[in-house]
Amino acid sequence: MRIPARVVAVCVALALAAAGVGAVTMTTGDYPVPLLDVLEAVAGRGSPGTDFVVLTLRMPRLLTGVLVGFGLGVSGAIMQRLSGNSLGSPDVIGFTNGSAAGAVVVILLFDGGMYQVAAGAVAGGLGTLALVYGVAFRRTLSGMRLILIGIGLSAMFVALTNYLIARASLDDAVAAQVWLIGSLNGRRWDHVRPLALALAVLLPLVLHYGRKLAMLEMGDDTARALGVPVARTRGILVLAAVALSAVATAAAGPIAFVALAAPQVARRLTRSAGAGLTAAGLTGALLLTAGDLATQRIFAPTPLPVGLATSAIGGVYLAWLLVHEWRRARA
Amino acid sequence: MVIARRAGGLAVAAAALLLVFLLSVWVGSKQIPFTAVWSVLWHDDGSSDAAIIHELRIPRAFLAVLVGAALGLAGALMQGVTRNPLADPGLLGVNVGAAAAVALAIAYAGVTSVIGYVWFAFLGAAVVSVLVYLIGSAGRAATPERLVLAGAAVSAALGAVTYAVLLLDPEAFNQFRYWVVGSLAGRREDTLVRVAPFIAAGIVLALLLARPLNALALGDDAGRALGAHAGRTRVLGAVAVTLLCGAATAAAGPIGFVGLAVPHVARMIVGPDQRWVLPYSMVLAPVLLLGADVVGRVVIAPAELQAGVVTAFVGAPVFIALCRRRKLARL
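Protein chains in written order, with this note's numbering: chain A, 1 to 331; chain B, 332 to 662.
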């Protein structure tokens, strides 16, 4: 399969940028750690103090950010290309809101800890998927019907979430709101492991079926004529996108804007027709890690949730890209 | 005759609205028998019952009708202007602009009452939608795709700023979370009087745009061939959406779902002709909102469930049922 040189170049550049951000994250902060010491700690030869900061605090947080960002970027790219609509991200169609509602119910009604909240998020997301498919499925599965029903369910979840937050005590409400914005605070290896496992299973699946996305975009009949098993491919891709989104949400909360913006930004950077899945994933990872770095350093010591920085940076950058692209088109 | 049938349908919808209006005046946490309500309706005899009817319920019902009509119409307009069935009136950033202005008003200007929010919210909505439109049209005239992305970008960035302000000021967050749910409680005649002119202007402008939107439905070029001016229609459409949705949000807080779903229902009934979709949306949406308001007052009486919450829970199942059954008309 031929991949355009520009796409490869952009992907490499994104990966390097993410690595750079990672290096800055690992070496700066309340306890500055020189880069060599970081590498030694990773190799298992660091001092206990450095080990704690690098291996227990910073590395899992960074890895969570990378994996969550990558997962969200890929998930958003799949949904946008399948629905042919730049608004077709897992947030709009209801899965993210279902996850969020599940988690908020656990936080506010059951006073749950990290794991229960994550379980609530996954249950909410996959439950929403089951509900949407169950309700939407008739003789054929029309794309638009699926999306509209997803939107209806999403609205109910948002209303439920808002209501629970308005009803709760102020402390609980703030905690729930912070979770809803998306945060990487306190993420440890217990968060990274299931996330990495899920991505290790889902990503190869996605990359295999994702190659057929370009053909699916030409229309169902054309795709069938080209030998693509349309229903199965679409079904597996949607399932994978929702699973990625649910897993990412369980780890870090519904960092909504990444799934919408990363594919758009990636598309403009690579100047290719559709949002390339890898490029979108890398953009998501960069966006999230850069956002986390920003939130940690700029507002220290108040720990603001990373979702704020992601939205702010992502939003401003997307706006700038849009203006820049259109001005150029005019000239 | 198609026209007679559609006009008949509209009359039925209007009758339903009247019915819900009367229901809204009759039902409340204080039980007032219907005969008493009916007599007080026409002769204000200065009793406490009359005060409740005339100062609380009637303005609230009128406001619900206005807000509902504004949201439904704005949603239909937005979907027509962007040619995107997933568009909702908040796409131009109106809701986010209003929320940001209200958050700033609470946190820095010490505003504490609902009526105090109104001007801030409307100003915020107007400023942000202008910004989104400018970004969406940088370089040349705005196309639907650009408006959608510009709106998403600005909404994300501004939303981040809003929540940053609120999370740094828990007291402000405490107040904000009641407004952001979307409610008609506590809104009196002064709120109604302030927003009514804007909504009226928006309605007039919107209805005038029905024909040009029909022409543009198949694309800008086809529209120009039919004599419609694409750029001007879009600008006027954006202005109308800002007037309608900005005023509605200023009065009642951000109420979602209505603007997104009702136009779809309207299209299921009358097809894609905007000359019918707009009036139908304008009449059906208040039925939903007012009905939701009534349900909210009854279901956990004497406490109240906010209209913004109930709308989704009442409207979404109906919407989903309709999506399963009816043929979905294209935009």
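It is possible that some hints are incorrect.
[Unchecked claim] FRET-style restraints, in silico, Cβ to Cβ:
1. Asp-552/B - Arg-271/A: 22 to 28 Å
2. Ala-516/B - Pro-32/A: 50 to 56 Å
3. Ala-382/B - Ser-169/A: 33 to 39 Å
Simulated from the structure, these hints should not be mistaken for lab results. Note that the Cβ used here is the ideal one computed from N, Cα and C, for glycine as well.
A quick look at each hint next to the structure:
1. Asp-552/B - Arg-271/A: 22 to 28 Å: With Cβ atoms ~25 Å apart, the hint holds.
2. Ala-516/B - Pro-32/A: 50 to 56 Å: 53 Å, holds
3. Ala-382/B - Ser-169/A: 33 to 39 Å: Taking Cβ atoms as reference, Ala-382/B and Ser-169/A lie about 34 Å apart, which means the hint holds.
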